[in-house]
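Colleague: Sequence:
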Amino acid sequence: MDRTAISITFLFLLILHCNATPNIIIVGAGAAGVAAASKLLQNNITNITILEAENRIGGRVYSVKFGDAIIDLGAQWCHGEKNNVVYDMVKDLDLLRPGEVILNYYYSTGEDLDDEFVNELYNLFQEIYYGEKHDSKTSLGDYVTKRSVCKYYKSKFVTTVYLRFTKSVVEKYGNDTKKLKLARESLDGMMKHALSIQGAFSWFEMSAEHDYEDCEGNNLLNWKGHGYKTILDVLMQKYPNPEKQLPIDDKIYLNKEVTVVEWNNTDNEHPGKTVVKCKDGSLYYADHVIFTPSLGVLKDNYKSLFRPSLPKEKANVIETLGIGAVFKIFLHYPLRWWLNANSSDMVFIWSEEDKELLPQEFPSGPIKNGNSWLNNLIGLFGVTEENRHLLTAWFSGEFIPEIEKCSDELLVEGITFVLNKFVGKEFPNITRPDAVIR
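Under mature numbering (1 follows the signal peptide of the UniProt record, and there is no 0), the letters of the sequence shown match residues -20 to -1, 1 to 418, in that order.
For the record, the hints were derived by calculation from the structure and aren't laboratory data. You may find that some hints are simply not true.
[Unchecked claim] Taking lysine-lysine and the DSBU-like style, the derived pairs with C-alpha atoms no more than 35 Å apart in a straight line are: (1) Lys253 x Lys209; (2) Lys231 x Lys62; (3) Lys292 x Lys335; (4) Lys259 x Lys236; (5) Lys204 x Lys19; (6) Lys257 x Lys348; (7) Lys294 x Lys335; (8) Lys236 x Lys204; (9) Lys283 x Lys257; (10) Lys259 x Lys385; (11) Lys209 x Lys19; (12) Lys71 x Lys308; (13) Lys19 x Lys45; (14) Lys279 x Lys45; (15) Lys405 x Lys159; (16) Lys62 x Lys45; (17) Lys405 x Lys348; (18) Lys308 x Lys159; (19) Lys45 x Lys71; (20) Lys161 x Lys204.
In this text the structure is predicted, and so the values were computed from the model without any measurement.
Whenever a hint applies, use it, and build me the whole structure from the sequences.
Modeller: Right under this line is the structure:
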């Protein structure tokens, strides 16, 4: 073969090699970004750059040491086993432990509650929430208040749908005004439960129709005190055998906030390339860009982030999909004052009278239309066996943006006030936490 033929052959092979190894930029080093990089590397696509805006990887997977073990400030449980990609990845690695929640319901008046009756109300709400909604072209709030346990009009407890509830509540407790009142008040707790699942600020923002499917199996699988970050190690193949680790760490650039993605670049110097610009002024060029940040990031930035603008149908999806938030704060108590309880999981139900008086009894912090931010507190819950001195306070609802701005001191004061009001009778030795993290 002459030199010309060799040169042409080499050039042809070089072109083939370039086409086979495209330059790919992944925006975001959360679980989605790491998973994308892992899949590419497993398929021998190695020309990858991962740009992460924060000073850490993980995104909403955020595991840190607190107390006696690792806790999760973001994603916390592996929810379910069947058709769950996370579970499928780790099920044979002995990383998960089944969790259990035993809910204790507490009333703001300090009175003992009929747990069987309250559980009946909550179970019925679950049926409504997950059940088939034939006339549900409306919000979940409209649907539930029209058709569920708490349709209350002119001092009469009315239900139009569920025969089970009619028999068990109206017929069984029809003359018990106290139980009917409690059923009506429990709707507030049910609302907070629904909001905590959906991450919405109001259930009138949530569509009654949804295609979310629970994965069968235990929905509270925990990470044995090692945190959800374990899944990142599995994705990067650091676990179970570090010798097979994928070279993902070397491809991640932290503190690289992407401000512009020019996806139809006409630059003659880099024809056909997508240009990615970062806040620090750095530029990257790619054949393909995989954008993995959250819907919240897109809602805040998509109009300025993409050039040219995204197609109308994609922009409409970003605009119309809802996104809110929940809030949790971990509290470390040197003394486990709840030790004698059958469970460390406490759910709070406000009486109508106490709810109305709450802004006067605890005037500190955000108040809207006569409602206190503390009414957004769902309850306090235990963490894991490795962290027995911790409780987690969970909030959901319209006050979340304001609660996120509250000081740790105010949060502790408010939570301690609620604890004393609801469980002070059962636990007279409630103490303040000596450390908190959120």
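Colleague: For the pair we were handed, Lys161 and Lys204, check the Cα-Cα distance against 35 Å.
Modeller: violated (41 Å)
Colleague: So if I understand the rule, the pair passes when the alpha-carbon distance is 35 Å or less; does Lys62 with Lys45 pass?
Modeller: Holds - the C-alpha atoms of Lys45 and Lys62 are around 30 Å apart, at most 35 Å.
Colleague: Holds or violated: Lys209 and Lys19, Cα atoms, limit 35 Å.
Modeller: The given pair, whose Cα atoms are some 18 Å apart, holds under the 35 Å limit.
Colleague: Are the Cα atoms of Lys257 and Lys348 separated by 35 Å or less?
Modeller: violated (41 Å)
Colleague: Is it true that the CA of Lys71 sits at most 35 Å from the CA of Lys308?
Modeller: Given that 35 Å is the threshold and the Cα spacing comes to 28 Å, the pair holds.
Colleague: Within 35 Å, alpha carbon to alpha carbon, are Lys19 and Lys45?
Modeller: Holds - the C-alpha atoms of Lys45 and Lys19 are around 29 Å apart, at most 35 Å.
Colleague: Tell me if the straight-line CA distance from Lys45 to Lys71 falls inside 35 Å.
Modeller: holds (24 Å)
Colleague: Given the proposed pairing of Lys259 with Lys385, does the C-alpha separation stay at or below 35 Å?
Modeller: holds (25 Å)
Colleague: Just to be careful, I want the Cα atoms of Lys259 and Lys236 compared with a cutoff of 35 Å; is the pair within it?
Modeller: holds (7 Å)
Colleague: Given the hint that Lys253 pairs with Lys209, does the C-alpha gap stay at or below 35 Å?
Modeller: Distance of about 34 Å is within 35 Å: holds.
Colleague: Hint check: Lys204 vs Lys19, CA-CA at most 35 Å. Holds or violated?
Modeller: holds (27 Å)
Colleague: Hinted pair, alpha-carbon criterion (35 Å max): Lys294, Lys335. Please report holds or violated.
Modeller: Status violated; Cα separation ~42 Å.
The earlier numbered hints that this structure contradicts are 3, 6, 7, 20.
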